[in-house]
Amino acid sequence: MIIFAIFGLLLICFLGWLYTSLIKPKASLFEKVSLSYLLGIGMFTFILFILNILGLKYTTFNTVIIYICLIVFALFVNKKLHFIKFKNLKLIVRSLIKKYKSLSKIDRISITLLGVILMWVVIYSCYWPVKDWDSIVLYDFRARMFLINGFMDTSIPESYLYGYPLLTSLAHMLIYMTGFQYPGIVHSLFFVSFVIIFFALVKSKMSLSLAIFWTLIFSLSSNLIDHAYMTYTNLAYVVYLVSGLFYMFEWVNGRNKSDLILASLLVGLSTWTRSAEPFWMIPIAMVVLVSIKEKKWLQIIWFSIIVKSFSKIWELYVKREMSIVAKSVTTVTKSSSAVPFNISEALNIQRLFEVGNYYFVNSILPSWPQYLNLFFVSVILFINYKHHKKINSIHLIILMFIIICLGVSIGGVFIFSLTFSEWKSIGGSLTRMMLFLGPLTLYISALVVSETFESNEKIWKKYFK
Amino acid sequence: MNKYFIRLTKSQQFIQLLSAVHVIIPYLFVLSFVFILLETYTYPGYLRKVLFINAATFSGLVVLLNFVNVIFSYLFTKKKNLVSYQDKLFFGMNRLLLPVFFFFSLLFEYLEKNNFPNYIFSNYHIHPFNFRLLMLLSIIVVAQENMYKCRKIVLSVVKARMKLEILLSIIVTSIFIWFSVSRLITLFIGVVLHGVYISQHPLLTYEQKMEKSISLFSYYSFVKDHTPTDSTIAVPPQMNPWLTEGNIGYTRYFLYPRHIISGVDPDIIPEGADYAFLAHGEWASPDGLYGWPRATVSAEVVWYFDRNTKVSTDSSDVILDWTSHPETRGSWGLIKLKEK
Chain A
1 MIIFAIFGLL LICFLGWLYT SLIKPKASLF EKVSLSYLLG IGMFTFILFI LNILGLKYTT
61 FNTVIIYICL IVFALFVNKK LHFIKFKNLK LIVRSLIKKY KSLSKIDRIS ITLLGVILMW
121 VVIYSCYWPV KDWDSIVLYD FRARMFLING FMDTSIPESY LYGYPLLTSL AHMLIYMTGF
181 QYPGIVHSLF FVSFVIIFFA LVKSKMSLSL AIFWTLIFSL SSNLIDHAYM TYTNLAYVVY
241 LVSGLFYMFE WVNGRNKSDL ILASLLVGLS TWTRSAEPFW MIPIAMVVLV SIKEKKWLQI
301 IWFSIIVKSF SKIWELYVKR EMSIVAKSVT TVTKSSSAVP FNISEALNIQ RLFEVGNYYF
361 VNSILPSWPQ YLNLFFVSVI LFINYKHHKK INSIHLIILM FIIICLGVSI GGVFIFSLTF
421 SEWKSIGGSL TRMMLFLGPL TLYISALVVS ETFESNEKIW KKYFK
Chain B
1001 MNKYFIRLTK SQQFIQLLSA VHVIIPYLFV LSFVFILLET YTYPGYLRKV LFINAATFSG
1061 LVVLLNFVNV IFSYLFTKKK NLVSYQDKLF FGMNRLLLPV FFFFSLLFEY LEKNNFPNYI
1121 FSNYHIHPFN FRLLMLLSII VVAQENMYKC RKIVLSVVKA RMKLEILLSI IVTSIFIWFS
1181 VSRLITLFIG VVLHGVYISQ HPLLTYEQKM EKSISLFSYY SFVKDHTPTD STIAVPPQMN
1241 PWLTEGNIGY TRYFLYPRHI ISGVDPDIIP EGADYAFLAH GEWASPDGLY GWPRATVSAE
1301 VVWYFDRNTK VSTDSSDVIL DWTSHPETRG SWGLIKLKEK
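In order, the protein sequences belong to chains A and B. Numbering of the first sequence is given in this note's numbering, commencing with residue 1 and proceeding in unit increments. Numbering of the second sequence is given in this note's numbering, commencing with residue 1001 and proceeding in unit increments.
No lab work stands behind these hints, which were simulated from the structure alone. Accuracy of the hints is not assured; some may be wrong.
Covered stretches of chain B, as calculated for chain A (at least 3 residues, CB under 8 angstroms) [stated by the list, open to error]:
1) 1166 to 1177
2) 1205 to 1213
3) 1248 to 1256
Glycine residues also receive a C-beta, built at the ideal position from the N, C-alpha and C atoms.
Please put together the full structure from these sequences, using the hints given.
As structure tokens, this is what we get:
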């Protein structure tokens, strides 16, 4: 059955490949490989969902028909057929092997280690079935429900089932449709794609050795590897959001429209994974600022529409479904823990300290190396500006972005503390919510540190001679 | 007096201090290992209680002291190689001990995974996590051993114009490397243990894997086999000792599309059910009482399920009385309720 699952995933990647080629024909091979999976599975599940709203059941037959239609559409639009021919594939594999052999010993060890890590994550997820609590109760349950029912079961009177969008559930369902019982493979491939996309993007900004080194560090120390074994939505959310941000930074750097389209799709797909988090607003704000400066008004509109459309359609769907099950729905949040907003509480200094302490314990303490490194990187940027009067604008933008994200999250916790009486009981959720800061911090650290090392290359070479 | 004692300049005093520190460093490292071993046998935090510093912090300080000492020694003395006889002895011993620590880390992890969490401590009074600390410290010592021999590289790192941004870049990279290495150790242990298990059991079925992962899986399968898909099943309220089987969302995953209902009172079976769990309770009960339902039940059929042997026995047309049938309290099974 694993053969069918691999075949199914390859078909989805093929679809993603066609659309990636359409959006960014000049993307590097590594970019295309990872984007084909991310866009393929994200867009395909979303289209399945839209058609389901319109009344089309989730069945294997319908899925195959929809897939064929999408492929035909992609081939019709993408007449140049930017996908790899088999002869090219052979050449590419050969050149990759040749490149590998020409690398230094330490680079080859790093690549081998990276390969072992990624392979292990995939093997593990292909072996063990879904066993994580939240997945059993929600994400994977919905996948099994769709397989049996073809629709969301409205006879289950729980709003919890509508708590998160369906990307991971539908991805699980697609795996089950192939007869394979281990949908964890979807999550491990998210991780693999993320590592590849990181490599593809940093490779263009530093030497190959440094890119390999930072990719290895990225795969190990960004806290994401633990999530690659799980079947939760946190990893998928971080992968889509941060990949989208990477492309947005690429767009700010090079003003390439295809990067902005990719950014909008990827950030949008992050809301198709988890819609409650507010971080999709920050890229929109950034695009608005840049577009106003350049007087490109249309850009603001289409970027915002693409980003918001995923979660908006989901929200409308939830509203419709809720009206069907409304009478029996258990609105636990509102009845037991929701408290009315109180202005005097908002001005209470004691509350500010409590929120600060809560944030420190649940976000800073578990990931203190990230925060420490973020501080050091800020100092490096400051020194570069102060002493050398030079600063890489993209580094500054990424740093600003991270600081805004921190501000938004602290503000969010503060508001949450005012409107939810049991706000202190879900510290783990805050830790998971801030997971995306790890890869972002690593990205900016890799860029800044590599630039510092490379700008002092002569000195290094002299000493290492 | 002056005849025998030469007044040293401040820089000479500093160099002497560096040499003195260098001499005591191997002993401090040995002390770090001893401290960690001591906390392995007592409890993490024991040394903090006695000496106001815990073993991990002490070891970290020693590593830092050695790091700084090596850098200053190269900067302010002309020594090309810092390795002395006692260093050689210590480093040699460390290299011998590293595989030992690694072996015990793997062994303890394996035993914990194959028995139950806290198995090592409850049987041998050893904190297994500390062996990872020992292994990490041992790896760091190997790395610092290389620092002792590489004056040129150390100086190239430290002296390369000594710009603050370079120094900070080195710190940032070092922090990432530090955490990557410690993560790699955990990952490697996981790869070995799970890899061995997977290679030994490559053909396990989905059901066998689920039984290994989900303790109630065989019970849920039994219930699934004995109920039609359109049935309504009553489960215990979600409270101790039925926190797992009483969780509607969790139980529903295994029994869908059967309808699952639950109440809040353990003495009442919710209305509208065709079947009811006969549930001993998966969790510990604070009042020592196990078994559900705690009501008198007219049953069409009762299936008793032995979770160890996975064998079920049934009896028809019985009235289950929780108070007069204490044997049902210790059982798992399924009740087909009589229509009212």
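Hints, one by one, checked against the model:
Here's how the segment 1166 to 1177 of chain B fares: 9 of its residues keep a CB closer than 8 angstroms to some CB of chain A, so the rule of at least three is met and the hint holds. Residues of the segment 1205 to 1213 of chain B lying with their CB closer than 8 angstroms to a CB of chain A number 4, which satisfies the three-residue condition for coverage. Three residues within the 8 angstroms Cβ limit are the bar, and the segment 1248 to 1256 of chain B against chain A gives 5, so the coverage statement holds.
Of the hints listed earlier, there is not a single one the structure fails to meet.
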